[in-house]
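Spelled out from the first residue to the last, the chains are:
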Amino acid sequence: DIQLTQSPSFLSASVGDRVTITCRTSQDINNDLVWYQQRPGKAPKLLIYAASILQSGVPSRFSGSGSGTEFTLTLSSLQPEDFAIYHCQQFKSLPLTFGGGTKVEIK
Amino acid sequence: EVQLVDSGGGLVQPGGSLRLSCAASGTTLRDHHMDWVRQAPGKGLEWVGRIRDTAEGSITDYAASVKGRFTVSRDDAKNSLYLQMNSLKTEDTAVYYCARRSCRSGITNCFSDYWGQGTLVTVSS
Numbered sequence: 002d003i004q005l006t007q008s009p010s011f012l013s014a015s016v017g018d019r020v021t022i023t024c025r026t027s028q029d030i031n032n033d034l035v036w037y038q039q040r041p042g043k044a045p046k047l048l049i050y051a052a053s054i055l056q057s058g059v060p061s062r063f064s065g066s067g068s069g070t071e072f073t074l075t076l077s078s079l080q081p082e083d084f085a086i087y088h089c090q091q092f093k094s095l096p097l098t099f100g101g102g103t104k105v106e107i108k
Numbered sequence: 829e830v831q832l833v834d835s836g837g838g839l840v841q842p843g844g845s846l847r848l849s850c851a852a853s854g855t856t857l858r859d860h861h862m863d864w865v866r867q868a869p870g871k872g873l874e875w876v877g878r879i880r881d882t883a884e885g886s887i888t889d890y891a892a893s894v895k896g897r898f899t900v901s902r903d904d905a906k907n908s909l910y911l912q913m914n915s916l917k918t919e920d921t922a923v924y925y926c927a928r929r930s931c932r933s934g935i936t937n938c939f940s941d942y943w944g945q946g947t948l949v950t951v952s953s
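Residue numbers (this note's numbering), protein chains in the order written: chain W, 2 to 108; chain L, 829 to 953.
Treat the hints as calculated values from the structure; they're not laboratory data.
Keep in mind it's a predicted model, so treat the numbers as computed, not measured.
Hints are all accurate, no fakes.
If we take Cβ atoms under 10 Å as the criterion, some of the chain L residues that face chain W in the derived model are:
#1 Asp834
#2 Leu873
#3 Asp889
#4 Asp941
Here are the simulated DSSO-like cross-link-like pairs (lysine-lysine), alpha carbons at most 30 Å apart as the crow flies:
#5 W:Lys46 <-> L:Lys917
#6 W:Lys46 <-> L:Lys895
#7 W:Lys93 <-> W:Lys104
From the three backbone atoms N, C-alpha and C, an ideal C-beta is built for every residue, glycine too.
Extracted from the complex, chain W is given alone in its bound form:
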């Protein structure tokens, strides 16, 4: 199974801050990585796929990069609605696996 390690698991930030979340995989997955946002009590929402392609309707302050085994999700200027949990997922091979999540809270 491909293991995904997200860091940090928790971060505290202010509105307007630039935030970066990292996802490392135990095997080379090319660019088959997806990022989701999950607000409390809600289902995950697709943000980015193929490591760097922004899903339609997602604000441009979100961006993704990386390939191989190291990936990043960047929020260029944190907005109040961005405080949530962020998950990475690999679609390279079964079983599909997720990172442990990164909770972004208001400082």
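Dock chain L against chain W, hints included.
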């Protein structure tokens, strides 16, 4: 507009069974791989299993933790997805989501673009 509605969760005793449903509108489930993903209270996301689209023979795949106990199926006439859960354990307690898979190109660069709202399964005596 694509909509997936999860239902069927509830309280069940260890060793019991439950069937979850995912009703779809605005999309044809047989044309997509469909996944079940769960989230234990306060924990991360865990892939449970999937049914492939009809082009891939509607083959099912499962996580090791549920293989032999859970079964994913689809009713094309009702455009609905199901998760039959047998021999339930306390560690199966979670919110269960169905999710539709789409791909950027062929079978690569895939992602879950639509999710149900989730249904809570509690396994407890």
